[in-house]
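Trainee: Taken in order, these protein sequences are the chains called U and Z. Heads up: the first sequence runs through residues 1 to 110, numbered per the working numbering. Heads up: the second sequence runs through residues 1 to 112, numbered per the working numbering.
Hints were generated in silico from the structure; no laboratory data involved. Don't take every hint at face value.
So the derived list for chain U, only partly shown, Cβ under 7 Å to chain Z, looks like this [unchecked claim]:
| no. | residue |
| --- | --- |
| 1 | Ser-26 |
| 2 | Phe-28 |
| 3 | Pro-39 |
| 4 | Arg-42 |
| 5 | Leu-46 |
| 6 | Gln-97 |
| 7 | Gln-105 |
Rough simulated footprint, nothing fancy, chain U against chain Z, three-plus residues with beta-carbon under 8 Å [claimed, not checked]:
| no. | segment |
| --- | --- |
| 8 | 36-43 |
| 9 | 101-108 |
Given the structure is predicted, the values throughout are model-derived calculations rather than measurements. No residue lacks a Cβ here, since even glycine has one placed at the ideal position from N, Cα and C.
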Amino acid sequence: EQQVQQSPASLVLQEAENAELQCSFSIFTNQVQWFYQRPGGRLVSLLYNPSGTKQSGRLTSTTVIKERRSSLHISSSQITDSGTYLCAMEHSSGSWQLIFGSGTQLTVMP
Amino acid sequence: EAAVTQSPRNKVTVTGGNVTLSCRQTNSHNYMYWYRQDTGHGLRLIHYSYGAGNLQIGDVPDGYKATRTTQEDFFLLLELASPSQTSLYFCASSDTANSDYTFGSGTRLLVI
């Protein structure tokens with residue numbers, strides 16, 4: 001069983017629309033991070049959000065640890081937001097290693 | 001600027017070949033990681049390290065060795081490469097709180 005599940009697997013939007021990406025975990029975790037990746041490119045950390053709501057520019061993440069879920073909201077999407085969004089949780093061993101979901105592939109059309 | 005640098009960017013080798021992937025970080029982070037990324041599997045942890053000389057096994061270690069020679073340098077070794085190890089490999093580093101997780105640009109390995 002995959003420990004980190006992301007939905008949807010892919011999403012196509014028109015520019016300026018909002019996006020809502022979901023992440024759920026099979027076990028409890030103290031640590032959730034969201035990353036962005038261009039095809040075949042480096043992963044960039046977007047938000048570190050162990051609980052509650054965190055915002056960075058047009059990105060808002062809400063994590064509800066007791067429900068084992070996190071979401072990433074992208075407002076007023078831009079073409080340059082296209083890429084893969086990965087959710088990651090800390091491994092239960094507490095050894096600072098992250099377990100990743102398979103990602104949501106976002107395409108923003110003009 | 002703090003960074004994680006991987007080399008080579010691309011590598012082609014034959015089955016049974018010997019490959020070393022290199023990673024250097026200038027973040028002064030204690031923790032370093034090697035991941036592989038494959039379609040349908042996301043990123044999977046191969047090996048990681050708490051510091052120079054320390055090695056820990058990740059989730060998919062079979063066929064891989066790793067060595068952390070210094071605080072900055074972490075190497076991934078494939079001594080008998082197989083086609084199943086064709087993948088995109090990422091190195092990353094983090095501080096103890098894991099709130100600062102930095103990735104390298106990746107190494108694309110093809111085993112033919």
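Trainee: None of the hints should be skipped; say for each whether it holds.
Mentor: Verification of the supplied hints:
Using the Cβ-Cβ criterion of 7 Å, the hint placing Ser-26/U at the interface with chain Z is not satisfied: the shortest such distance is roughly 14 Å. Nearest Cβ of chain Z to the Cβ of Phe-28/U: about 16 Å, over the 7 Å cut. The hint is violated. A hinted interface residue such as Pro-39/U counts as satisfied when its beta carbon comes closer than 7 Å to some beta carbon of chain Z; here the least separation is about 10 Å, so the hint is violated. Taken as an interface hint, Arg-42/U checks out: its beta carbon lies about 5 Å from the nearest beta carbon of chain Z, inside 7 Å.
Interface hint at Leu-46/U: violated, since its Cβ lies 11 Å from the closest Cβ of chain Z, which is beyond the 7 Å cut-off. A least Cβ separation of about 5 Å between Gln-97/U and chain Z falls short of the 7 Å threshold, and the interface hint therefore holds. At its closest, the beta carbon of Gln-105/U sits 11 Å from a beta carbon of chain Z; the interface hint therefore is violated under the 7 Å criterion. With 4 residues carrying a beta carbon less than 8 Å from a beta carbon of chain U, the segment 36-43 of chain Z meets the three-residue requirement, and the given coverage holds.
Proximity of the segment 101-108 of chain Z to chain U, defined as three or more residues with a beta carbon under 8 Å from a beta carbon of that chain, is established by the 7 residues found.
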